[in-house]
Amino acid sequence: MSAIAGILWFDGAPAEQDCIEALVGRMASYGPHGQSCWSAGPVALGHCQLRTTSEAADEHLPLTSRDGRYCLVWDGRLDNREQLLGDLRSRGALLQTRSDAELVLESFLAWGQACTNHLLGDFAFAVWDAHEQQLFCVRDHTGARPLYWTRTHRFFAFATDDGALLTLPGVSAQPYAAGIAHWLAPGYVPVDPSPVDVSRTWYEDLRLFEAGQSILVHPDRSLQFDKFWQPETGAENRYASDAQCQEAFLEVFGAAVRARLRTAGPVAMLMSGGLDTAGVAAMARRELRGIAGKELHAYSVISDQPEDCVETRCILSMAEGMGALSLHLCAFDDGHRRYRRTSGGGLAPVTP
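Residues 1 to 352 in our numbering are what the sequence shown lists, from first letter to last.
Calculated directly from the structure, the hints in this document are not laboratory data.
The reader is advised that the hints may include incorrect statements.
[Said to hold, decoys possible] Pair by pair, the computed Cβ-Cβ distance ranges are:
id: 1; residue 1: H218; residue 2: R289; range: 47 to 53 angstroms
id: 2; residue 1: E295; residue 2: S36; range: 20 to 26 angstroms
id: 3; residue 1: E204; residue 2: A110; range: 36 to 42 angstroms
id: 4; residue 1: E311; residue 2: S199; range: 30 to 36 angstroms
id: 5; residue 1: E311; residue 2: H218; range: 44 to 50 angstroms
id: 6; residue 1: R66; residue 2: D18; range: 27 to 33 angstroms
id: 7; residue 1: A331; residue 2: A40; range: 44 to 50 angstroms
id: 8; residue 1: A256; residue 2: D18; range: 38 to 44 angstroms
id: 9; residue 1: G274; residue 2: P219; range: 45 to 51 angstroms
id: 10; residue 1: Q244; residue 2: R69; range: 46 to 52 angstroms
id: 11; residue 1: H60; residue 2: D18; range: 19 to 25 angstroms
id: 12; residue 1: A40; residue 2: E311; range: 48 to 54 angstroms
Cβ atoms here follow ideal geometry from the backbone N, Cα and C, with glycine treated the same way.
Model the full structure from these sequences, guided by the hints.
Shown next, in the form of structure tokens:
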């Protein structure tokens, strides 16, 4: 996962370069392939790059449109590249690279904010419109990529990492007690009976983009929220037989797993002891079969006393039963230390 960040200043003054550099510097661990900043007028954008696909070799972010009006920062993976390529070329788009980022920018040029209806995958991105002086920020349908935001009387800012936003002037690290209580005790009922705001974080001044949400930031400090996607409820699929149902499921499940195998390097997964993990691993092995140089690596954090942990026993049994699977084991304490070191020390809780 790469990381993105941006700041839009409301007072009309030029963007403060040291602020975007602080955001990017705080997230440097996300960008082993480079960090970069861009600024123009009241806005500054930053990017920390981790290239995971062959197409990402062509990505140089932030990315500006040919006329200079728009600038994009992007973290993600597109799963409907071929469909997008066909749609954009039919509209006369001239693509200069193979990158997902350029496809997203061209999609924005073609459909504007409605581009979210044409994108499929895991992503978070933002587009600056210099003519309208507006910032358009998006988080993917299921919230696979994190994206946080904050707003003060001086600026609106967003970042992949919550801790990065706390480096900005005027952004407080004051804990949000009700949010902490709700997370630690799911049955907790606040004095205020209103529904829990899922955008709230552990900190008073920080918010989380909801899954399938976009925010349009206007120069007058106002924010326009849009929920561009949510799961359909009540839909029912009927099949003539169990075999037909199985075939339909495997088609969708296989496509989902296959999309996540588009990588320039080795393929890895986090393996727990659950049946969902077993299904993903089995499908990934089937999809990788016959592809030279592609082996599935599984990583598990296990108990140092496997006889007392059902999860650990299931992991070991699963790996043994699958055979051609490279399993890498890590003790819990060591795994936690590695996570804190390589994640940049993000402040959000680690959830299952």
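Against the structure, the hints come out as follows:
Look at H218 against R289: about 52 angstroms separates their beta carbons, and that is inside 47 to 53 angstroms. Look at E295 against S36: about 33 angstroms separates their beta carbons, and that is not inside 20 to 26 angstroms. Between E204 and A110 the Cβ separation comes to about 39 angstroms, which falls inside the hinted range of 36 to 42 angstroms. For E311 paired with S199, a C-beta distance near 32 angstroms keeps the hint of 30 to 36 angstroms intact.
A C-beta distance of roughly 48 angstroms is found between E311 and H218, which places it inside the suggested range of 44 to 50 angstroms. Checked against the hint of 27 to 33 angstroms, the C-beta distance between R66 and D18 comes to roughly 30 angstroms, which is consistent with it. At roughly 48 angstroms, the beta carbons of A331 and A40 sit within the given window of 44 to 50 angstroms. The hinted window of 38 to 44 angstroms between A256 and D18 holds, with their beta carbons roughly 42 angstroms apart.
The beta-carbon spacing between G274 and P219, approximately 48 angstroms, falls within the hinted interval of 45 to 51 angstroms. Under the hint 46 to 52 angstroms, the C-beta atoms of Q244 and R69, about 50 angstroms apart, fit the expected range. Checking the proposed 19 to 25 angstroms range against H60 and D18 shows it holds: the Cβ atoms sit about 23 angstroms from each other. As the Cβ distance of A40 to E311 is approximately 50 angstroms, the hint placing it in 48 to 54 angstroms holds.
In summary, the structure is inconsistent with hint 2 from the numbered list given earlier, while agreeing with all the others.
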